[in-house]
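Novice: Here is how the chains run, residue by residue.
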Amino acid sequence: MLRGFLNARSPLRILERGLHGGLGRGNLGLVLAGHGVGKTPFLVGVALDGLLRGDQVLHVALDSSVAHTRAHYDTLFDDLAQATRLEDEAVVRGEALRLLSIRAWPRARFGVEKLREALRVAEETGARPGLLIVEGFEVAAASGAELDGLAALAQELPAELWLSAALPGEQAALPEDIAPGRFAVILALEPGHSAVALRALKDHDSPGAGKLRVSLDPRTLLLKRS
Amino acid sequence: MNGELANIRNIGISAHVDSGKTTLTERVLFYTNRIHRINEVKGKDGAGATMDHMELERERGITITSAATHCEWNDHRINLIDTPGHVDFTIEVERSLRVLDGAVLILCGVAGVQSQSMTVDRQMRRYKVPRLAFVNKLDRSGANPQRAAAGLREKLEHNAVLMQLPIGLESAFEGVIDLISMKALRFGGANGEQVVEDEIPAEQRAAAEAAREEMLDAVSMFSDALTESILEERVTEELIHEAVRNGVLSLELTPVFMGSAYGNKGVQPLLNAVTRYLPSPEDVENTGIDLSNDEAPVLLSSDTNKPLVALAFKLEDGRYGQLTYVRVYQGTLARGMNIVNSRTGKRHKVGRLGRMHAEKMEDIERSTGGDIVALFGIECAFGDTFTDGSVEISMSAVHVPDPVISLSVKPAQQKSQENIAKALGRFVREDPTFRAGVDPESGETVISGMGELHLDVYVERMRREYGAEVVTGAPQVAYRETISQRTDFNYTHRKQTGGAGQFGRVAGYLEPLPAGEDFEFVNEVRGGSIPTEFIPSLEKGFRAMLAKGRLIGFPVLGLRVVVNDGQSHSVDSSDMAFQAAARGAFRECYARAKPIILEPLMKLGVEAPVTHQGAVLKTIMQRRGSVIGTTEDEGFCQIEAEAPLAAMFGYATDLRSATAGAADFTMEFARYAPAPRDIAAELEEKFQDRRRLAKDED
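Residue numbers (the working numbering), protein chains in the order written: chain E, 1 to 226; chain G, 227 to 924.
What the hints contain is simulated information worked out from the structure, not anything from laboratory work. Idealized CB from N, CA, C, for every residue including glycine. Be aware that a few hints might be false.
Quick list of simulated restraints, FRET-style, between CB atoms [claimed, not checked]: (1) E/Arg53 with G/Glu508: 55 to 63 Å; (2) G/Met408 with E/Glu176: 40 to 48 Å; (3) E/Asp78 with G/Gly754: 35 to 43 Å; (4) G/Glu759 with E/Asp78: 39 to 47 Å.
Each computed SDA-like pair below joins lysine to any residue, with the alpha-carbon atoms no more than 25 Å apart [said to hold, decoys possible]: (5) G/Lys409 with G/His467; (6) G/Lys844 with E/Glu123; (7) G/Lys829 with E/Leu76.
Take these sequences, add in the hints, and give me the full structure.
Specialist: Rendered as structure tokens:
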């Protein structure tokens with residue numbers, strides 16, 4: 001039931017249809033939004049969507065605690081379970097969140113090599129994530145080599161790797177200091193009165209990316225019912 | 227000493243295991259002249275610290291029971307409770323916090339906020355205990371007080387403010403800079419007893435100025451007078467102290483102090499802070515329950531002339547007979563007076579009254595509101611309230627968690643039988659998380675508790691203190707059963723065997739409750755199809771069925787019973803008939819409600835050097851654990867995970883060998899979760915085998 005609900009309400013389904021099959025393994029994706037608009041809930045939604053489909057997810061939290069990050073997952077799961085009146089909630093939660101691993105680092109001590117090492121350790125225990133969320137990474141300040149390193153890692157696994165960056169204002173345009181070339185997909189979240197608008201600024205090499213625009217529930221960042 | 231209430235501090239010292247609580251307490255006792263020689267926890271002479279008075283504690287180097295002591299500092303009396311660091315002894319921490327007015331949270335200067343620090347902090351929040359933080363072990367390699375303070379802010383969400391800066395760190399740690407007096411404090415003499423005040427080292431002057439500004443910025447939030455004085459540049463030490471105290475009392479500020487208890491540095495300034503900033507009994511609002519007025523809350527006052535209200539928060543059998551630690555909340559407790567136990571209504575005469583100092587005691591004549599003292603030879607249970615008999619007031623109970631692990635015990639020799647019974651009787655009275663009973667099926671004595679170490683310690687105490695050698699069985703996990711879907715029932719109980727018959731019909735449904743809730747009975751019968759007087763009989767009947775589930779014989783939880791229809795008979799319906807109808811309804815529909823087995827999941831926290839991370843993760847995976855997350859910083863990682871208790875026996879040994887002893891772990895009950903299908907099938911099969919066997923024997 002939960003999976004059916006997600007199929008109907010997850011923005012990823014629209015993205016998969018609207019974009020060329022979604023982000024796709026081996027690629028870097030970027031979510032842009034102003035402070036407090038909901039980058040983290042959106043990325044947690046992306047991750048939970050993967051978890052409920054049986055993907056292993058590695059969520060890297062920079063300058064945020066494991067407990068804080070995990071609380072985002074629990075809150076979103078609770079909302080979903082309540083909305084779908086999920087009966088075997090404990091079993092589904094256990095099965096889904098078992099596939100999630102959260103890694104927290106101080107931002108200053110994080111680098112591609114750290115992530116590579118974490119993936120090596122995960123592999124020792126039989127885990128091989130198909131989706132990576134790196135939250136709190138300063139894309140604008142990152143060097144080209146760092147972004148190339150992350151892209152290489154996404155290809156080696158292969159995995160989808162999502163990053164997020166803050167927009168200076170409310171205008172959903174790519175900041176000048178971020179080069180779009182390294183990202184396969186770039187999405188932007190814009191706050192509105194009763195909904196958050198999700199726009200695609202880049203969709204692989206397709207020129208029609210700008211047409212995609214969907215409204216999300218500002219609390220859950222799932223598709224609005226209408 | 228000034229005996230006024232305002233000059234009493236009832237405080238606890240809480241922290242993660244091995245953070246140096248007992249070591250710090252030893253220094254406190256030494257500097258306040260309660261002891262004249264410092265003994266180390268794991269000292270070479272084997273004497274052990276003063277507060278670790280049980281032989282076993284001295285040997286293992288951990289605090290098991292919380293000892294109480296008192297000392298005097300700056301014209302204040304400090305009642306000090308040393309609490310255990312190991313999670314298995316969490317009830318000791320809980321009951322200490324219930325009676326304390328303030329606490330010192332110790333953090334390891336190297337590891338910072340650790341898993342048990344979080345547990346202790348949660349407990350302190352539950353009892354609204356204002357606290358100070360002390361970052362210890364600054365003379366250890368890798369110490370970093372700023373990181374520990376950042377951990378307080380980020381992981382525990384404290385408004386933590388540094389009140390000091392270190393002078394040097396690790397082997398070069400010399401003392402602290404006091405950001406209020408802006409003086410350097412060093413600790414001279416053989417045991418750091420001389421506090422030497424000096425100018426701040428020139429190279430740290432700028433850093434100290436910046437840290438003071440940050441501190442003033444944070445604490446000025448709690449005092450308009452301080453804010454004004456900052457603007458007018460006439461800040462005084464008194465104004466800062468007052469603001470810090472306001473912040474601490476409102477639970478919105480955690481001032482951070484630092485030092486090395488083992489290195490005899492930084493303890494005296496911490497004592498000053500305890501007397502300055504932590505609350506006196508009159509700063510704290512305590513309420514009791516008025517048993518004569520429908521359990522309405524009553525505000526207690528430390529007025530010595532008001533009727534006595536005192537709470538027994540710890541029992542001990544010792545060389546003086548039963549020793550009962552009580553916190554006096556209101557009125558006066560005096561030798562020779564009669565007191566009444568609110569629970570039993572029993573009257574007792576106070577023969578001896580004392581103040582404890584570890585296992586030694588001093589007789590006293592009277593004690594007043596706010597104080598912690600010990601009664602001798604008065605039989606009572608943990609959590610009982612005593613009054614002078616003129617009021618019927620009870621203090622609310624301390625939260626007592628249910629045990630999650632059991633072990634069968636039998637005497638190695640027949641002669642031990644009697645001593646085992648004596649020991650168990652005492653342990654059960656002292657520790658509400660420890661239970662003992664006889665399994666009706668096997669006839670074996672079974673002890674239950676909060677973890678492997680918890681039970682280990684009691685088995686060891688039976689041997690040492692009672693000379694009773696016991697043989698223990700394999701540990702048993704406290705499984706539970708629950709239902710997974712709503713199911714209707716409609717059951718008629720009818721019996722006619724001559725004389726008055728029995729009749730009762732009940733209809734309704736069972737449905738699962740949200741996680742964490744035990745049982746709910748809802749009466750939706752309309753129109754009197756079941757007479758009101760039989761509704762409690764139905765509830766009693768359903769409740770009786772919860773004690774033993776039909777899947778594996780463990781208690782059932784997490785269900786709501788809704789009764790909405792039924793039928794009665796004017797002659798044959800009775801309390802007994804409707805109880806039987808409820809039992810029958812439950813039996814009939816339980817299997818259709820798709821029952822499942824729940825197993826206790828433990829929250830596991832492992833700390834290890836990053837180099838051992840893979841090995842640690844493997845030990846968790848091998849035990850059906852699931853890793854929630856890993857935090858990595860400066861060569862160390864903290865792994866948070868959940869694992870089923872059933873798979874965690876002997877984990878300490880496994881972890882030690884996987885990491886060459888470099889890792890440390892804590893474990894506590896988190897919640898019940900559905901057992902995997904294969905495990906559930908195995909448990910059901912075993913239960914059926916036992917039932918068949920029992921039938922064959924019959």
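Novice: Hint by hint, which ones does this structure get wrong, listed from lowest number up?
Specialist: none
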